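Chemist: As a plain string of letters, each chain reads:
There are 2 protein chains.
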Amino acid sequence: MPVNLVSPSSHELHPVKGVLLGVAEANIRKPNRKDLLVMQLAAGSRVAGVFTQNRFCAAPVVLCKEHLSSGDEIRALLVNTGNANAGTGEDGLMRARRSCEALAGLLNCADSQVLPFSTGVIMEPLPVERVVAGLPACIADLKEDNWLNAAQAIMTTDIVAKGASRRVEIGGRAITVTGIAKGSGMIHPNMATMLGYIATDAPVAQRALEAMIHHAVNHSFNCITVDGDTSTNDSLILIATGQAGCAEIVDMHGAEYRALQEAVTAVAMQLAQAIVRDGEGATKFMTIQVQGGRDQSECRKIGYAIAHSPLIKTAFFASDPNLGRILAAIGYAGVADLDVNLVKLYLGDVLVAENGGRAASYQEADGQRVMKEAEITVRVVLGRGKAESTVWTCDFSYDYVKINADYRT
Amino acid sequence: MPVNLVSPSSHELHPVKGVLLGVAEANIRKPNRKDLLVMQLAAGSRVAGVFTQNRFCAAPVVLCKEHLSSGDEIRALLVNTGNANAGTGEDGLMRARRSCEALAGLLNCADSQVLPFSTGVIMEPLPVERVVAGLPACIADLKEDNWLNAAQAIMTTDIVAKGASRRVEIGGRAITVTGIAKGSGMIHPNMATMLGYIATDAPVAQRALEAMIHHAVNHSFNCITVDGDTSTNDSLILIATGQAGCAEIVDMHGAEYRALQEAVTAVAMQLAQAIVRDGEGATKFMTIQVQGGRDQSECRKIGYAIAHSPLIKTAFFASDPNLGRILAAIGYAGVADLDVNLVKLYLGDVLVAENGGRAASYQEADGQRVMKEAEITVRVVLGRGKAESTVWTCDFSYDYVKINADYRT
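Respectively, the protein sequence lines represent chains A and B. When we follow this note's numbering, the leftmost residue of the first sequence carries the number 642, and every step to the right adds one. When we follow this note's numbering, the leftmost residue of the second sequence carries the number 642, and every step to the right adds one.
Everything labelled a hint here was simulated from the structure, so no lab data went into it. Keep in mind it's a predicted model, so treat the numbers as computed, not measured. Keep in mind that the hints are not guaranteed to be accurate.
The list cannot tell twin chains apart, which means a pair is met if one copy fits it or any two copies do.
Unchecked claim - Computed cross-link-like contacts, BS3-like style, restricted to lysine-lysine with a CA-CA straight-line distance of at most 27 Å:
| # | residue 1 | residue 2 |
| --- | --- | --- |
| 1 | LYS942 | LYS1027 |
| 2 | LYS1013 | LYS1043 |
| 3 | LYS942 | LYS671 |
| 4 | LYS784 | LYS1027 |
| 5 | LYS985 | LYS1043 |
| 6 | LYS985 | LYS706 |
| 7 | LYS985 | LYS784 |
| 8 | LYS784 | LYS1013 |
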């Protein structure tokens, strides 16, 4: 069950002026579930995206990049679940193109003004005729106050819908930032995880928007892992509709930029953590802080070595402070000249290891107390510099195996 | 249950002249089980070792390296299970030294002529007084024909004892190569996995012995993974007692060297595969062949990406040909300029994917047929060179989670 995570209520997800959302049950893979989403953007919206670095990136990811780089103004996003349209070669590209064409026809725009997204089973042909048949229902459903429905429509193995919203005053105007995302397996973003959409009504120059999405990703989706598998379809989109009526944000050193960036990053972080809280089979939410490194890269290496270790994840599932497994992961993370005698390991507030071994003050009962919590912080202090990095992850349970052994049935 | 693996019978493990083995129940962690092993080597034996690259390497690993580099002739090996003496700092080193001293005293040799090994729980103090108390029983038990008992004494979560033996004629003499090893979790050798001991009665020059162990490791223990966790205690030892009475093997290009190397590598490979077959919770044995790469390193990257993916391992557990997950792993393995349109993926003899997607000829029923087998070969042809690499691994089952959630109870 998700760790301290409930679905947002519909009034918590503030509408963003200039973004209309419509969902439908298109029967893509299973009947009687919302599986198709259209987001229509007001004229003048700016859009930035970051995508998976998986070489087998999905057909819709290829088209997204193509359409974004065309320079044409993006007017709509089209998302289906149930089928990832990945590992589908030329035929998959054709099917993704056909779905863009169909939506462009209905909205009177060019195909290149539509961004397509898919998530679900890999290596099966996208039932594009079902996507096309579902579009009119999506369009009939288009409205501003529809974010929760949209969050539900993009779920796959997610148990809980994921959305976050912030309001911030910029230049005397109330600005809204609202986002949705979905997980919950094949989560080790080498960029963003699976699908995420964040929109603001602030007007933002394109370069500033690109900088903002990268900052947000690096502090959110790029800090999480469920199972270490980088998906073929990861996509995060940041939309600025400019409908709020304040001056365009251009200066990346200005207070307006910083205020908006903070709100966007906060939404991204909440969404990213929600994906981990709802990670497949998750029963614990773990924050891995690695501090005192020479650079961020070595801190991340150690953080991910801990976060990916099946031995550590199963020990957390069992609430067993088998902390030698964490030392082992620190040791094999690939920091070649690490002096283990300088390393300190904390579980919550408890000092567990120092001087190359168990801390003299450590009592198993203290470790046990921390391990029983649903939210656990592991802190590693390397003692060789000032860099730090945080990774969020979840534990590894019977249900992870069950979910993934049964995924296609 | 182990995949097509049964314990060797005692007559299958041929004695090696110059190696005496003795075991005892020393009550290190649990009563009524063999947990202490002494191997006594004849004067004139040569010994080579390779060890974990984990920075948190265990105290006995530190001492092994120290004693091997002293140049003193190694006369005995001492192995305990139940406690890894890793993550134990200065105190752990002291305890490892005390156990070497005790054995050296009983065998009338110097401390530096003893190599110590430990495996079991990390970050708990080695009960060295129990080790010392158990030594007389080991010594009373010393005999040549005792390899199976030794294999049993070094087991931890292993279900089946692991041993292999070859006889080969070199220079007109019958030469024996016999080895034992143990797994079965924290298995992703960055050198060798956990503990392995191989001995031959052939006389081999030190340089040739070092070359031989590296060749054997690179074709065996360095090609396996159970869970991607590199242990703190990995050690592989190759012993040449020289008791067979033929001429010393010095020339690394000679037929004698090659014949012995082949036998040693065959024993190492059988032991390494046995560790995977008995991997924690294993129900399938998978051979991942990556071919047509530019170099071996990129083939290994892709092989290990597949072998480490929890999504792939759980799909194999379920006998579900969810092959898109394999494409995804190929895509995220880190080969930055991989042209996915050139990649071919085979499951057993079935072509599954080509041209960036599912092969036109592929039928789910064919994939299903292969997936139902207990031994499955995944073959990836990259189409960009002539290098290749093989990784052996196992699937990921409920029992893996169970074993590791309950490990310390």
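Chemist: For this structure, which hints from the list above don't hold up?
Modeler: Checked against the structure, the hints that fail are numbers 3, 4, 5, 7 and 8, while the rest are satisfied.
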